[in-house]
Amino acid sequence: MIVKNRTQLTLSFVALLLGLLIAVQLRSSTDVYSAMPDLRVTEMRAVLMETITQNQSLTNEVEEVRDKLRQYEELAMKGEGALELIQKELGNARMLAGLVDVQGPGLVVTLTDSQAASMPGDNPNVYLVHDEDLLKLVNVLSAAGAEAISINDQRLLATSEIHCAGPTISINNVRVGAPFVIKAIGNSETLESAVKMRDGIMETLNFYGIGVQVKREANLVVPAFKRPIRFDYAQPVTGGK
Amino acid sequence: MLLPIVALLLGFAIGQFTKISIPAALAPYMSVSLLAALDSVLGGVRATLEDTFDDLIFVTGFFSNALLAGALAFLGDKLGVNLYMAAIFAFGVRLFENLALIRRIIIAKASNRAKQKKS
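For the record, the sequence lines run as chains B and L. Going left to right, the first sequence walks through residues 719 to 959 as our numbering numbers them. Going left to right, the second sequence walks through residues 41 to 159 as our numbering numbers them.
Just chain B, same shape as in the assembly (with noise of 0.2 Å):
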């Protein structure tokens, strides 16, 4: 009879173990199939959130937008300092336009021919700079938020071409070569980073031995356009939208 019992207790012993065993496994296991939809619960919840933002700010515009039209409406009533309203107004799409200097903290970043020798053999072309390179990296530069950008002072409008002309670069209309200095004002470390990113710009550029120096200016002058604008061809279109 003690035999007898003893092996009951074996038995019981490794019983509760396996008991123990398989409701442990049994959570363990239902929590690796809940967790799937955590992930997606995240994703979403990070696109909720970016939705909220999104809406905010939109709501934070329609705001400022009915404020300006009061503004217009109280001026107009008075009939006064409408003007002063539309001048500012004129400003902002001058600077947008391109038509004054600007001022602000931005990047320099200036690019050179490679000084590196080159092999007999190699396509001495891949040693310049090229007017890819350089509106790649205008490309980047506005990507990351620049407001006005000018290549060797020849400031860049919606009009202006970056475009290969024999030894040099054409940027409107005016002809310009290495080395290259572009400014781009904005938030200079969001510009920094941009050029800098990892296989980014630089790094393709100086695997050419293009030079590449890039600086941070707290406060850098974009010129102005120079020169006339003409519209032989475009005309606003009136009435409607």
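Rather than coming from a laboratory, the hints here were simulated on the basis of the structure. Fair warning: this is a prediction, and the values are worked out from it, not measured in the lab. Beta carbons are placed, not taken as given, at the ideal position from N, Cα and C, and that holds for glycine.
Just the calculated beta-carbon pair ranges, DEER-fashion:
id: 1; chain 1: L; residue 1: Ser61; chain 2: B; residue 2: Gly927; range: 54 to 60 Å
id: 2; chain 1: B; residue 1: Glu935; chain 2: L; residue 2: Pro63; range: 48 to 54 Å
id: 3; chain 1: B; residue 1: Arg758; chain 2: L; residue 2: Phe103; range: 38 to 44 Å
id: 4; chain 1: L; residue 1: Leu115; chain 2: B; residue 2: Ile770; range: 46 to 52 Å
id: 5; chain 1: B; residue 1: Met915; chain 2: L; residue 2: Leu115; range: 40 to 46 Å
id: 6; chain 1: L; residue 1: Ala64; chain 2: B; residue 2: Glu807; range: 58 to 64 Å
id: 7; chain 1: L; residue 1: Gln56; chain 2: B; residue 2: Thr769; range: 38 to 44 Å
id: 8; chain 1: B; residue 1: Gln789; chain 2: L; residue 2: Ala64; range: 57 to 63 Å
id: 9; chain 1: B; residue 1: Met915; chain 2: L; residue 2: Ser61; range: 39 to 45 Å
id: 10; chain 1: L; residue 1: Asp91; chain 2: B; residue 2: Leu744; range: 32 to 38 Å
id: 11; chain 1: B; residue 1: Glu865; chain 2: L; residue 2: Lys59; range: 53 to 59 Å
id: 12; chain 1: L; residue 1: Gly132; chain 2: B; residue 2: Asn723; range: 28 to 34 Å
id: 13; chain 1: B; residue 1: Arg758; chain 2: L; residue 2: Pro63; range: 21 to 27 Å
id: 14; chain 1: B; residue 1: Asn723; chain 2: L; residue 2: Phe57; range: 27 to 33 Å
Partial list, computed: chain L residues near chain B (C-beta under 8 Å):
id: 15; residue: Leu50
id: 16; residue: Gly51
id: 17; residue: Ile62
id: 18; residue: Leu74
id: 19; residue: Thr88
id: 20; residue: Phe102
Only some residues are given here: those of chain L computed to face chain B with a beta carbon under 10 Å:
id: 21; residue: Leu43
id: 22; residue: Phe52
id: 23; residue: Ala53
id: 24; residue: Ser61
id: 25; residue: Met70
id: 26; residue: Ser71
id: 27; residue: Leu78
With chain B's structure known, arrange chain L on it following the hints.
Relative to chain B, chain L alone:
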């Protein structure tokens, strides 16, 4: 036979109501270990019914099978071979074998008893 079943339920309850849990990374090995443990227990039940039960063999078998199965699955993962498949296969087959034997023994005992009653 009642006490082990009570113990099983008690263990399950303890596992359910305490907050013991296994890290997610170890859960796959744990399941293989669990299968080995289950196989050991069924083997023990069978041995009891066959009157060949030895508690030392049973207890050591329970722990070593569970640990070895888990370790093997872990090793397989490190080697990039699905070694846990082998464990699942081996223990799964034995599990069903044991179950079948247990069933046969119980039926044989029951029919023996019925015959004895008749005679």
